[in-house]
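The whole structure should be built from the sequences, with the hints applied where relevant.
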Amino acid sequence: MGRSTETATGTETDTATGTATRPTAPPDADSHELIRVHGARENNLKDVSIELPKRRLTVVTGVSGSGKSSLVFGTIAAESQRLINETYSAFVQGFMPALARPEVDVLEGLTTAIIVDQRPMGGDTRSTVGTATDVGAMLRILFSRLGRPHVGSPNAFSFNVASISGAGAVTMERGGRTVKERRSFSVTGGMCPRCEGRGSVSDIDLTQLFDASKSLADGALTVPGYKAGGWNYRLYSASGLLDPDKPIRDYTDKEMRDFLHHEPVRMKIEGINMTYEGLLPRVRKSILAKDRESMQPHIREFVDRAVTFTACPECGGTRLSEAARSSKIEGISIADACAMQISDLAAWVRALGEPSSTSRDGEYAGVAPLLTALRGALDSFVEIGLGYLSLDRASATLSGGEAQRVKMVRHLGSSLTDVTYVFDEPTIGLHPHDIGRMNGLLLRLRDKGNTVLVVEHKPEVIAIADHVVDLGPGAGSDGGTVCYEGTVDGLRGSGTLTGRHLDDRAALKKTVRTPTGALEIRGASANNLQGIDVDIPLGVLTVVTGVAGSGKSSLVHESLVRRQPAHGMTVVPVDQSAIRGSRRSNPATYTGLLDPIRKAFAKANGVKPALFSANSEGACPNCDGAGVVYTDLAMMAGVATVCEECEGKRFQASVLEHRLGGRDISEVFAMSVAEAGEFLGSGEARTPAAQRILRQMTDVGLGYLTLGQPLSTLSGGERQRLKLATHLGDKSGDRLVHVLDEPTTGLHLADVEQLLGLLDRLVDSGRTVIVVEHHQAVMAHADWIVDLGPGAGHDGGRVVFEGTPADLVAARSTLTGEHLAAYVGA
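Per full-length UniProt numbering, the sequence shown starts with residue 1, numbered consecutively.
In case anyone wonders, no lab produced these hints; they're calculated from the structure. It cannot be assumed that every hint is accurate.
Unchecked claim - Calculated pairs, EDC-like style, for lysine to aspartate or glutamate (alpha carbon to alpha carbon, straight line, at most 16 Å):
#1 Lys46 <-> Asp105
#2 Lys608 <-> Asp664
#3 Lys254 <-> Asp243
#4 Lys407 <-> Asp117
#5 Lys599 <-> Glu617
#6 Lys54 <-> Glu33
#7 Lys214 <-> Asp250
#8 Lys214 <-> Asp243
#9 Lys407 <-> Asp447
#10 Lys599 <-> Glu684
#11 Lys723 <-> Asp699
#12 Lys54 <-> Glu108
#13 Lys509 <-> Asp783
#14 Lys723 <-> Asp575
#15 Lys254 <-> Asp218
#16 Lys509 <-> Asp807
#17 Lys246 <-> Asp218
#18 Lys509 <-> Glu753
#19 Lys285 <-> Glu196
#20 Lys407 <-> Glu383
#21 Lys509 <-> Asp760
#22 Lys246 <-> Asp258
#23 Lys54 <-> Asp447
#24 Lys510 <-> Asp807
#25 Lys599 <-> Asp664
#26 Lys608 <-> Asp595
#27 Lys407 <-> Asp134
#28 Lys46 <-> Glu103
#29 Lys510 <-> Asp760
#30 Lys214 <-> Asp245
#31 Lys227 <-> Asp211
#32 Lys285 <-> Asp203
#33 Lys285 <-> Glu263
#34 Lys246 <-> Asp211
#35 Lys214 <-> Glu255
#36 Lys603 <-> Asp664
Note that the structure is a prediction, hence the values are computed from the model and not measured.
Next up, the structure:
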């Protein structure tokens, strides 16, 4: 395939033939108006050289694994951020992530890069949509000025600030002498003292913390991390406050109080200074104070089993003190305002200060600039498709797409110009109806004089690009080259994989499968669902769709996954959440592929399988099998360097002497899934058990991943497909219900057809597949569609259509129906 480029004369040229194809708009000849990248070799990039126009919207596309993120995030954005970080002092840099210079020869014309990605917003349980943006702060200032009764400064309305008082000595100069005075102080915060601003209190089932029939010496504690012999365990057994040989059920009242509720006290335990405190406060601090989403799976299972969370009885779940809740504006407290759907809150704020007969018009005039800014920020939420959220929504509960759009709100009102904004598939989680609004926001950022770089697969976004860069032609080692640069029209005629599939449209199924039964959901009322009844057919492909915030995830995950249905069915959720593991975790370890490979190496060489694991005996002792050595530079940022001992191969030199089919274990880890499939499929290296797992990974479109690639580097879509691969070999057959959440995330247009084939194979094997999805190709391919809406938040939560895709197109009674009809050309 020839590479298409655009020349300075504005003529598109095919490099394979050297012939001009069609006229295009000439690029800006001023080199100061370009971001120039030459010789980029990050990850799989093969000496990529491109010139991106500044103050334009550039979309970078290509198949999964073609090098898009390596170019945009790993090269351009990374170098911009690295250069900015270097302008700070060494002390400040110590609090920043260490960024290595990307593998590239020349990078010119860079501007400040702001990355707006899909990473979870994180934060503890007190982090909300309001605190993650400027809106919460503006609202607190508004209530401190206009709230009646007046209760204090903005801090008085913050659930992250506690009310404290005390006294202390103050040193000052007076009359040439240094004097000390004792002064009292107080801080008025808005934090609820009962729940400490978390909005909920927990009730712990003691039977899940210990076995009362056993003594501490016999291993009574059952809390994760409190294993017999460990320090947490010895804290209690060797404290001297408890008899380690007495069953807990025989404790006296005093012993039980010391065991469960003792105040923190310093003591020496086995010669080491430690703080002893009761088991309940210790568990609350060490486990329950953490955000649930950041917990490791076994910790989360323990919390779900042992703890019941209920709304705080003192603040009603608002997180705020009584004083903060008592101050109101036009009868609305700040707790009421934060609980409103943002679209409703925007309307309420817009009404404040309008001409009225009240005597407060003068006060409203005094905060007019604040009201204007607050209205603009709230309107941005609505415009970006997040009007259904509320400011008190915990930030950790946002999806990747929602988190990315919340981050966008911060920048829409920014006065900065000539900034490079970098987006990672901003349409994830968006209904076709909402993509148009997202496009408008991207164009707004561009029109303010900014450079906008977007990694995207959706043709609707590619269509608005000023400039397109198409990477490929394949994935992994088959990618990393520029197949096309130029306009959208030029892409269509370029002959690249993206160009050929840009105008693809799936057809409606001519015949649909007949269900074998149904999963009944009755009275579903989680979140915004309005007591709906739905029958999910068994033995077919069902797509649940609707605009963002309409209740799709609430219906599928809250009403189906978390409440495992009867009928002898097993519901298997396959989502995009992070896969927990160590730095050494990779696709081979996660899928179980490493086991047959280790056994094959061991059998061929007459040694133990453990030698061929970077987590076991074969690991390089210098880097513990990580391949890199992490160095702490005290106040400066730590750095990771390739291990000098193993040169990044992760294994001891003696282990690498053992070979299978002429390759050592590190060379196998460096293979892609597709390469490993060929290597382990024939000759001495033939390993049928490994072949089966590799086939499953190829079936889900992950043939380009390397076996040793760290799991932390995978995208949400890649994580989901890797999880799906592990379930393809399940033997439960028609008892399995697979629930997938937007499986087209990160998929190139050409890969969607492969995904549809995989879903068909799952259903044809007797399984039930339920997909939460917006992609029209998946909708058209469904046997049954459940459409929620008609809007988002309190305007959604109802079933607006149930039936076949053909019936949905024929009716055109919903937004989904209208967009699907336009997509299939009906």
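Do the hints match the structure? See the list:
Among the hinted pairs, Lys46 with Asp105 is consistent with the structure: their alpha-carbon atoms are about 12 Å apart, no more than 16 Å. This hinted pair checks out: Lys608 and Asp664 have alpha carbons roughly 15 Å apart, not beyond 16 Å. Of the supplied pair hints, the one linking Lys254 and Asp243 holds, its CA atoms being roughly 12 Å apart against a limit of 16 Å. A C-alpha spacing of about 8 Å is found between Lys407 and Asp117, which places the hinted pair at or below 16 Å, so the restraint holds.
With a CA separation close to 14 Å, the supplied pair Lys599 and Glu617 stays within the 16 Å bound. Proposed proximity of Lys54 and Glu33 is supported: the alpha carbons are some 5 Å apart, at most 16 Å. The suggested pairing of Lys214 with Asp250 holds, with an alpha-carbon distance near 10 Å, which does not exceed 16 Å. Taking the CA atoms of Lys214 and Asp243, the gap is near 12 Å; set against the 16 Å cutoff, the hint holds.
The straight-line distance between the Cα atoms of Lys407 and Asp447 is roughly 19 Å, outside the 16 Å bound, and the hint therefore fails. With a C-alpha separation of about 13 Å, the suggested pairing of Lys599 with Glu684 holds against the 16 Å cut-off. For the proposed pair Lys723 and Asp699, the alpha carbon gap of about 12 Å is at most 16 Å, so the pair holds. Of the pairs offered as hints, the one joining Lys54 and Glu108 holds, with about 12 Å between alpha carbons and a cut-off of 16 Å not exceeded.
Of the pairs offered as hints, the one joining Lys509 and Asp783 holds, with about 8 Å between alpha carbons and a cut-off of 16 Å not exceeded. Taken as a hint, the Lys723 and Asp575 pair is honoured in the structure, with Cα atoms around 8 Å apart against an allowance of 16 Å. With a CA separation close to 21 Å, the supplied pair Lys254 and Asp218 exceeds the 16 Å bound. This hinted pair checks out: Lys509 and Asp807 have alpha carbons roughly 11 Å apart, not beyond 16 Å.
Restraint check for Lys246 and Asp218: satisfied, since their Cα atoms lie roughly 9 Å apart, inside the 16 Å limit. For the suggested pair Lys509 and Glu753, the alpha carbons sit about 14 Å apart, so the restraint of at most 16 Å is met. Distance hint between Lys285 and Glu196 is fulfilled; the C-alpha atoms sit about 12 Å from each other, no more than 16 Å. Restraint check: the Cα-Cα separation between Lys407 and Glu383 comes to about 14 Å, which is no more than 16 Å; the hinted pair holds.
Of the supplied pair hints, the one linking Lys509 and Asp760 holds, its CA atoms being roughly 12 Å apart against a limit of 16 Å. With a C-alpha separation of about 14 Å, the suggested pair Lys246 and Asp258 falls inside the 16 Å cut-off, and the hint holds. Distance check on the hinted pair: Lys54 and Asp447 sit about 11 Å apart at the alpha-carbon level, within 16 Å; holds. Restraint check for Lys510 and Asp807: the C-alpha separation of about 12 Å stays at or below 16 Å, so the hint holds.
Restraint check for Lys599 and Asp664: the C-alpha separation of about 13 Å stays at or below 16 Å, so the hint holds. Straight-line distance between C-alpha atoms of Lys608 and Asp595 comes to about 12 Å, which keeps the hinted pair within the 16 Å bound. Proposed proximity of Lys407 and Asp134 is supported: the alpha carbons are some 11 Å apart, at most 16 Å. With a C-alpha separation of about 10 Å, the suggested pair Lys46 and Glu103 falls inside the 16 Å cut-off, and the hint holds.
Taking the CA atoms of Lys510 and Asp760, the gap is about 15 Å. The hint holds against a cut of 16 Å. Taken as a hint, the Lys214 and Asp245 pair is honoured in the structure, with Cα atoms around 9 Å apart against an allowance of 16 Å. Taking the CA atoms of Lys227 and Asp211, the gap is near 13 Å; set against the 16 Å cutoff, the hint holds. Between Lys285 and Asp203 the alpha-carbon distance is near 14 Å, which keeps this suggested pair within the 16 Å criterion.
Distance check on the hinted pair: Lys285 and Glu263 sit about 13 Å apart at the alpha-carbon level, within 16 Å; holds. The suggested pairing of Lys246 with Asp211 holds, with an alpha-carbon distance near 12 Å, which does not exceed 16 Å. Of the pairs offered as hints, the one joining Lys214 and Glu255 holds, with about 15 Å between alpha carbons and a cut-off of 16 Å not exceeded. Restraint check for Lys603 and Asp664: satisfied, since their Cα atoms lie roughly 14 Å apart, inside the 16 Å limit.
Checked against the numbered hints listed earlier, the structure breaks hints 9, 15; every other hint is satisfied.
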